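Residue numbers (our numbering), protein chains in the order written: chain R, 26 to 138; chain D, 259 to 372.
Note that these hints are calculated values from the structure, not bench results. Among these hints, one or two may not hold up.
[What the hints assert, rightly or not] Incomplete in silico selection of chain D near chain R, CB under 8 angstroms: (1) Gln300; (2) Ser301; (3) Leu302; (4) Leu304; (5) Thr307; (6) Ile351; (7) Glu360; (8) Gln361; (9) Phe362; (10) Phe363; (11) Gly364; (12) Pro365; (13) Gly366.
Just so it is clear, the structure is predicted and the values come from calculations on it, not from any experiment. Beta carbons are placed, not taken as given, at the ideal position from N, Cα and C, and that holds for glycine.
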Amino acid sequence: EDQVTQSPEALRLQEGESSSLNCSYTVSGLRGLFWYRQDPGKGPEFLFTLYSAGEEKEKERLKATLTKKESFLHITAPKPEDSATYLCAVQANYGGSQGNLIFGKGTKLSVKP
Amino acid sequence: GAVVSQHPSRVICKSGTSVKIECRSLDFQATTMFWYRQFPKQSLMLMATSNEGSKATYEQGVEKDKFLINHASLTLSTLTVTSAHPEDSSFYICSGGLAFYEQFFGPGTRLTVL
Chain R
26 EDQVTQSPEA LRLQEGESSS LNCSYTVSGL RGLFWYRQDP GKGPEFLFTL YSAGEEKEKE
86 RLKATLTKKE SFLHITAPKP EDSATYLCAV QANYGGSQGN LIFGKGTKLS VKP
Chain D
259 GAVVSQHPSR VICKSGTSVK IECRSLDFQA TTMFWYRQFP KQSLMLMATS NEGSKATYEQ
319 GVEKDKFLIN HASLTLSTLT VTSAHPEDSS FYICSGGLAF YEQFFGPGTR LTVL
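Construct the complete structure from the given sequences, taking the supplied hints into account.
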C-alpha cells in the first residue's frame with residue numbers, strides 16, 4: 026500500500042535555529058514527490074517537486090532533498106513567518122495521467138522570535 | 259505560479275440543503291481538477307478527479323450521488339454537496355493539474371452544516 030509518513034508531527038524552533046523535516050514514503054514507482062506549505066484555513070501552497078533520488082531544490086530558506094525512501098525539507102535560519110504546516114505528497118507512477126497525490130499528515134512548524 | 263480560486267470561501271447551511279462550490283483556474287487551463295476534503299488536524303484526502311468534458315472518477319468510499327462534480331470547461335469545476343448533513347462539514351479544497359503533474363490548490367471552502 027502506498028504510504029507517506031511525516032515526522033515530527035510538530036516542531037518548535039527559535040528564530041535562526043535550523044532544522045529538518047522528514048517525509049518517508051513507500052510507493053510502487055515514484056513519479057514525483059511534492060512539498061507544500063499550508064497556513065491555517067488556507068489551501069496548500071506549492072513549494073517543490075522532486076522526481077529522482079539525489080535531486081535537490083532550494084527556495085529562500087528552504088531546501089528539499091530526495092532519496093529512494095525519504096525526503097527532507099531543510100529550513101535554514103527560520104523566521105516566524107515560516108510557521109505553517111508543511112505537507113509532503115507522493116504521486117505514483119501508475120494509473121495513467123490522473124496524478125493522484127497521496128499526502129502525509131504534515132509537520133506543524135512553529136518559529137518563535 | 260498558477261492561481262486557483264474557490265467560491266465561496268465559507269458557507270453555512272441547514273441540514274438537507276444542497277451547496278455548490280466553484281473552483282476556477284485563473285491563469286492556466288486545467289485539463290484535470292481534483293477535489294479534496296480535510297478534517298481538523300488531518301491531511302488532505304482525495305475525493306474525486308475530474309477531467310474536462312467527462313465524468314468524474316471518485317475515490318473508494320466517496321458517494322458520487324452525494325458529491326456531484328461537473329467540469330464544464332478547462333477553467334471551471336464545481337462540487338455540489340447534495341442533501342448536506344452535519345457529518346459533511348469539512349474543509350473542501352480543489353486543485354488544478356498543470357504540466358508534469360504538478361497541482362496548484364485553491365484557498366479552500368469551509369462548509370458548516372447545521
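For each hint, the structure was consulted:
At about 7 angstroms, the closest approach between the beta carbon of Gln300 of chain D and any beta carbon in chain R falls short of 8 angstroms, and the interface hint on this residue holds. Because the closest C-beta pair between Ser301 of chain D and chain R is about 4 angstroms apart, less than 8 angstroms, the hint holds. Given the 8 angstroms rule on beta carbons, the hint for Leu302 of chain D holds: about 5 angstroms separates it from the nearest Cβ of chain R. Interface restraint check for Leu304 of chain D: the shortest CB-CB distance to chain R comes to about 6 angstroms, inside 8 angstroms, so the restraint holds.
Interface restraint check for Thr307 of chain D: the shortest CB-CB distance to chain R comes to about 5 angstroms, inside 8 angstroms, so the restraint holds. A least Cβ separation of about 5 angstroms between Ile351 of chain D and chain R falls short of the 8 angstroms threshold, and the interface hint therefore holds. Interface hint at Glu360 of chain D: satisfied, since its Cβ lies 6 angstroms from the closest Cβ of chain R, which is below the 8 angstroms cut-off. Residue-level restraint check for Gln361 of chain D holds (minimum Cβ-Cβ distance to chain R is 6 angstroms; threshold 8 angstroms).
Satisfaction of the interface hint for Phe362 of chain D is found here, the shortest Cβ-Cβ separation to chain R being roughly 6 angstroms, below the 8 angstroms cut-off. Among the interface hints, the one on Phe363 of chain D holds; its C-beta lies about 4 angstroms from the nearest C-beta in chain R, closer than the 8 angstroms criterion. Because the closest C-beta pair between Gly364 of chain D and chain R is about 5 angstroms apart, less than 8 angstroms, the hint holds. For Pro365 of chain D, the interface hint holds, since its Cβ comes within 8 angstroms of a Cβ in chain R; the closest pair sits about 5 angstroms apart.
Residue-level restraint check for Gly366 of chain D holds (minimum Cβ-Cβ distance to chain R is 5 angstroms; threshold 8 angstroms).
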